[in-house]
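Those protein sequence lines, which keep their order, are chains D and F. According to my numbering, the first sequence is numbered sequentially starting from 759. According to my numbering, the second sequence is numbered sequentially starting from 3.
Please keep in mind that the hints were generated in silico from the structure rather than gathered at the bench. From the three backbone atoms N, C-alpha and C, an ideal C-beta is built for every residue, glycine too. Treat the hints with caution; some may be incorrect.
Unchecked claim - Output of the computed footprint for chain D on chain F, the stretches with three or more beta carbons under 8 Å from beta carbons of chain D:
| no. | region |
| --- | --- |
| 1 | 40-46 |
| 2 | 79-90 |
| 3 | 98-111 |
| 4 | 115-125 |
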Amino acid sequence: MYYKSPGYRAFSIFNHLFMIILSLLCILPLMHVLAVSFSGKSAATANIVNLWPVDFTLESYEKTIDNPAFIRALLYSVYRTLLGTAIGMGVIIFAGYALSKRNAAFKSRNVYMWFFVFTMLFSGGLVPGYILITNLNLINTIWALVLPSALSVYNMILLMNFFRTIPAELEEAALIDGAGLFRILFSIHLPVSMPALATITLFTLVGHWNSWFDGLIYMMDTKKYPLATFLQTVVVQQDFSKMSINPQDMENLSQRTVKAAQIFIGALPILLVYPFLQKYFVKGIVLGAVKE
Amino acid sequence: MKSGILAPAARPVAVKAESKWRKGLKKTWPLHLLILPATVIAVLFHYLPIIGLVMAFQDYKPWLGFFKSEWVGLQHFEALFLFDESVQVIWNTLIISVLKIVCGLFVPIVISLLLNEVRKNGIKRGIQTLVYLPHFLSWVILGGILIDLLSVKGGIVNRMLTDWFGIQPIFFLGDGDWFRFVVVVSDIWKEFGFAMIIYLAAIAGVNPALYEAAEVDGATRLQQTINVTLPAMMPIIVVVATLQLGNVLNAGFDQIFNLYNPLVYAKGDVIDTFVYRSAMLNGDFSFATAVGLFKSVISFVLIIVSYRLAYRFGNYRIF
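Based on the sequences and whatever the hints tell you, model everything.
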């Protein structure tokens, strides 16, 4: 037995150590930021904080909550995330369902597939997209953040492949019982596909929450920055030129502990959904990779 | 666009030629209706911008629009190869993305093999939970964290280097070569866990009887790994490797945009960030579009080639 040999045992000890250190490396940066956010201002400036708060205080979080620009961005992010996910899921559920029909039953299926797949292979790029949003008068509206990303072809194909694994007998039985197309979708496909739907919904939520670039280019009005864009311009790049912020808030924003607190709050929703996400996404990924 | 198909009764002309088609439509129109929202979004936000690419051949002025702007032919594409700056940007993109692709391929494979040797399921699951996490955090968050960690003035990394090894503080994000290093390493750090999922699935699918047979033949664990586990992973490795070909011009916009600064433009500026600055900061819309189109066309060809290869060697299909 290989695992009884002294050589393998020595390797195993080192391997365990190495893997544990490696995995800790993945969260230590986040721990450090958390520690800084709970530390006193002077301790953070003196660079003595490592992984545990020094002079524990909630001051930075209080200052963050007192900043109306931050709260506004946070709420706008919640709004865009919920609206964007609802629309995006609706679009891909309907399209994925229709495209899950067999080629024989749905002759135009292949044409549609190529039509959608092409959008993944080639795109107009930054400038034409920006000019389009300008010409559609979507600048400064929530639709600029929600509509262009509403069709995720990748997720649509993932869902379609999942629908295709549902045994045809289920659908036939429902047809005989007199169920229509929509009834079959809502009574069979959706309940059966809960794990896949959960995975894709969580991915979409995370995608919207993390999305910052569209806010940066499509929102001229900085009051409509979603949180990710607010963090990008104001907290990370420290670019106050476009923002009208009172001097007190500005001073707070450049304070290291406050920055850390805001970065952590930006990451918090992801950390909260992560346990649910992890439950499903491994299956989802493998499903997407292995096709019939 | 779909209205003609959706309401065939409204068009009594050419009934005979369309009759077979219409018969099919009578059955399938609800399906077309279900796809309609997706079609509208694809046309509006994916196909219309492609038409907008004509501005790469114009001297586009926003107040003149597509129809009145002057046509300039391939002038912007010539400029792309004449400017030292844009040629440098193409090189930077290639260097950074190739480093990312090569390291990003090997690291997850090696670590999946090592993780496979961790036998305790609890520890294994704990490690997986931690290494998948960074994938879900955005580069805004991670950029903010990295800038703080790597700061020359008391960032924790430089503090450790000084305290433990007596090394002078390194200007990680202000020196071009170090910047490239940080970009590649931090990208691997963020993504290796997530990339492992697919390899771990392949390893889990290996028939245990193969290991037993190898054991009987006296194979060591290393020999088992090389002769049983790796061959089982090979098909998926081939697919992942070939599909990466399409990313050769993607050096990672989000990451570089959040980490770079004018000090490292010479070695860290890539096509996507260059396009952004040309368009949004300099207002050079047509030139930026031309650079973007150059990238899109090459990427498109590479993606098609990579899909063909993946299909040929790994039996991979997109749908």
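Hints violated by the structure (listed by number, smallest first): 2 and 3
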